[in-house]
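Chains as they are written, first to last, in this note's numbering: chain L, 1 to 121; chain Z, 1 to 144.
Just so you know, the hints here were simulated from the structure itself, not pulled from any lab data.
We treat Cβ as the ideally placed atom computed from N, Cα and C, and that holds for glycine.
Fair warning: there could be bad hints in the mix.
So the derived list for chain L, only partly shown, Cβ under 10 Å to chain Z, looks like this [to be verified]:
| hint | residue |
| --- | --- |
| 1 | Gly40 |
| 2 | Tyr44 |
| 3 | Asp50 |
| 4 | Ala56 |
| 5 | Ser57 |
| 6 | Glu110 |
| 7 | Phe111 |
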Amino acid sequence: MKERLKLYHGTDVDSALDILNNGLNTEKLLVLQTQPVQLGTGWYSAFDADVAWFFASIAPRAILGYTVIEMSLHIAKLEHLLAAELALQNTIANVPFIAKQVWFSVNSFEFLNEHAEFRPY
Amino acid sequence: MKPKYTRNDLTIRHHQTDDNMTNTHKVVFNRPLSFREQQQFTRLLISFYDVVHFSRRFGNGFFAEPSITFMTPEQASYTFYRQNMGGDWKELLFAMLATFSSEVVGIAQHDGNPVFDPTRIPKNSPLEKYFDKEFLTDALTTNN
Numbered sequence: 001m002k003e004r005l006k007l008y009h010g011t012d013v014d015s016a017l018d019i020l021n022n023g024l025n026t027e028k029l030l031v032l033q034t035q036p037v038q039l040g041t042g043w044y045s046a047f048d049a050d051v052a053w054f055f056a057s058i059a060p061r062a063i064l065g066y067t068v069i070e071m072s073l074h075i076a077k078l079e080h081l082l083a084a085e086l087a088l089q090n091t092i093a094n095v096p097f098i099a100k101q102v103w104f105s106v107n108s109f110e111f112l113n114e115h116a117e118f119r120p121y
Numbered sequence: 001m002k003p004k005y006t007r008n009d010l011t012i013r014h015h016q017t018d019d020n021m022t023n024t025h026k027v028v029f030n031r032p033l034s035f036r037e038q039q040q041f042t043r044l045l046i047s048f049y050d051v052v053h054f055s056r057r058f059g060n061g062f063f064a065e066p067s068i069t070f071m072t073p074e075q076a077s078y079t080f081y082r083q084n085m086g087g088d089w090k091e092l093l094f095a096m097l098a099t100f101s102s103e104v105v106g107i108a109q110h111d112g113n114p115v116f117d118p119t120r121i122p123k124n125s126p127l128e129k130y131f132d133k134e135f136l137t138d139a140l141t142t143n144n
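I would like the entire structure built from these sequences, with the hints used as guidance.
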């Protein structure tokens, strides 16, 4: 039974290691996410690893190397976040391809750090 | 106990850069480009530079026109000369590359990434099923 869903996040190496080892952190995200983003401040993930690689390559500190990490989350937990509007699924805007993303509110970080599994991809 | 990850655990990709001011990107096309199409691709990148440099609307910082080289008729590289990687210019560049990819010749890979390829089928569609309540219920029932 497929109970968990995998989502992918592309970023620079240091940010990736920080998420893998310490989890999502609102303060650190706010330091990096200075430009307006599609659904507002939050953590963005893609269904497709190639899409995550694309975003990793244009991350502000990608010049020092970039990578993709995988987040695995129980479907029921994701549904809970979607129902609470702490997560949203939509089509990514302003990119040269068609792809979907899942946005997670900073208010979901504590929940994600408790229930999601972060791994290198 | 939660593992402690290091750089050695990651798959790390790098932009090809000779120093902090030159960045080279590789493009692989779906088929060999004719001479005219190669010129069209070259003009596209030069006109991108012109728009960014002279309009100053996308964050400037380019020192010179990009250099574009076709290693083979289906593989090219382009180099930007600029101070930093940041700025809104990337969206314009990607939009222009995407237009070329969909209207002239498909870009199979950009720096090894296939997202520009117009023939590529997005991988999100099968996974989206998990957001479909009916599918989810069905899957859970089937597997139980």
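Point to revise | Supplied contact hint for L:Ser57, tested at 10 Å Cβ to chain Z | key: OK, holds: L:Ser57 within 10 Å of chain Z, min 6 Å.
**Study point:** Evaluation of the interface hint that places L:Ala56 against chain Z, nearest CB under 10 Å
**Key:** With Cβ-Cβ at 7 Å, under 10 Å, it holds.
Point to revise | Satisfaction of the L:Gly40 interface hint, Cβ to chain Z closer than 10 Å | key: Hint violated; L:Gly40 Cβ to chain Z Cβ min 18 Å, cut 10 Å.
Check your understanding: Is the hint on L:Tyr44 kept, meaning its closest Cβ partner in chain Z is under 10 Å away?
Key -> violated (14 Å)
Check your understanding: Minimum Cβ distance from L:Glu110 to chain Z below 10 Å?
Key -> Cβ of L:Glu110 sits 16 Å from chain Z, so the hint is violated.
**Study point:** Minimum beta-carbon distance criterion (10 Å), L:Asp50 to chain Z
**Key:** Cβ of L:Asp50 sits 5 Å from chain Z, so the hint holds.
Exercise for review: With chain Z as the partner, please determine if L:Phe111 meets the hint condition of a C-beta pair closer than 10 Å.
Suggested key: Interface hint status for L:Phe111: violated (17 Å vs cutoff 10 Å).
Going down the numbered hints, you'll see the structure goes against 1, 2, 6 and 7, while the others check out.
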